[in-house]
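Each residue of the sequence shown is one higher than the one before, starting from 1002 at the first, in my numbering.
Hints are computed from structural coordinates only; laboratory data are not their basis. One or more of the hints may lead you astray.
Stated by the list, open to error - Simulated restraints, written as ranges between beta carbons of each label pair:
no.: 1; residue 1: 1195; residue 2: 1013; range: 39 to 47 Å
no.: 2; residue 1: 1051; residue 2: 1004; range: 45 to 53 Å
no.: 3; residue 1: 1046; residue 2: 1227; range: 36 to 44 Å
Just so you know, even glycine gets a beta-carbon here, dropped at the ideal spot from N, CA and C.
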Amino acid sequence: MNTWQGAWYFAKEEYKRGGWRHLMGVFFIFYLLIFLGKYFADGLRDSEVDPFIGWSMDFLAVGILPLLGLMSSQVKGFYWKSDDYTNRVVGWRILPISNRQIALGRIFLLFMNAIPTTGLFFILFYLMTTQLFNVPLDLVSYLLFVLYWFSYAIAAGVMYTYIEIGYSGKFYFWFCVCIVVLFLGGTILFSHLIQYSMLVRIYELCRDGKGWISLVPFGAAVLAVFVSYRAKAGRIIERDLFR
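Go ahead and model the full structure; you've got the sequences and the hints to work with.
Structure follows, in structure tokens:
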């Protein structure tokens, strides 16, 4: 098998192993809908968002959207003691597949998880806003809004997969803690500076003819996928899995 065929086979097998964990993505979809739907609609309707509500919405969007593509591929156990991620990489290295197939397959797996979960979320989000809260959304503007956030989710997701494969469970744990703190501080600062919600503002920019901003995270996602593939392939070979 060539690299693409091997990566696709690897991704399909790992996707099947997800089992019941695919339901975790559905749980977080409804979690996001409950906390984002009403306040997003209120922000568009009133053109005003309470600062606390604003940064809370942004923190949930920035923090959880990338995880929708990772839920079903999470391992059982604890990062700190058992380091199951490293054990899984050891298992992959034993298989008759190359490091490039593993690296590309992990990216395929991210897309296989992210496309249906984020797709379902944004469809339900659109229906909730327009039908339940009676706030009209321009479809083209909304699709650009979706492109913006999906691209961001992929860019962040491949970063997570690189750390997951390339470093120990302890490092991954502290990396996630630092990311949460960074996201929290960043969304609070952003909300304080603009006195608004980034989530609402992105849609308004797309609606007002500035949908080109969606090309920024899209370009970042394309670059992140390419860089992540090369970095993961090299890291799998270089990493000492038994230290």
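Status of each hint after checking the structure:
no.: 1; hint: 1195 <-> 1013: 39 to 47 Å; verdict: 44 Å, holds
no.: 2; hint: 1051 <-> 1004: 45 to 53 Å; verdict: 50 Å, holds
no.: 3; hint: 1046 <-> 1227: 36 to 44 Å; verdict: 40 Å, holds
Against the hints set out earlier in the document, no violation occurs for any number.
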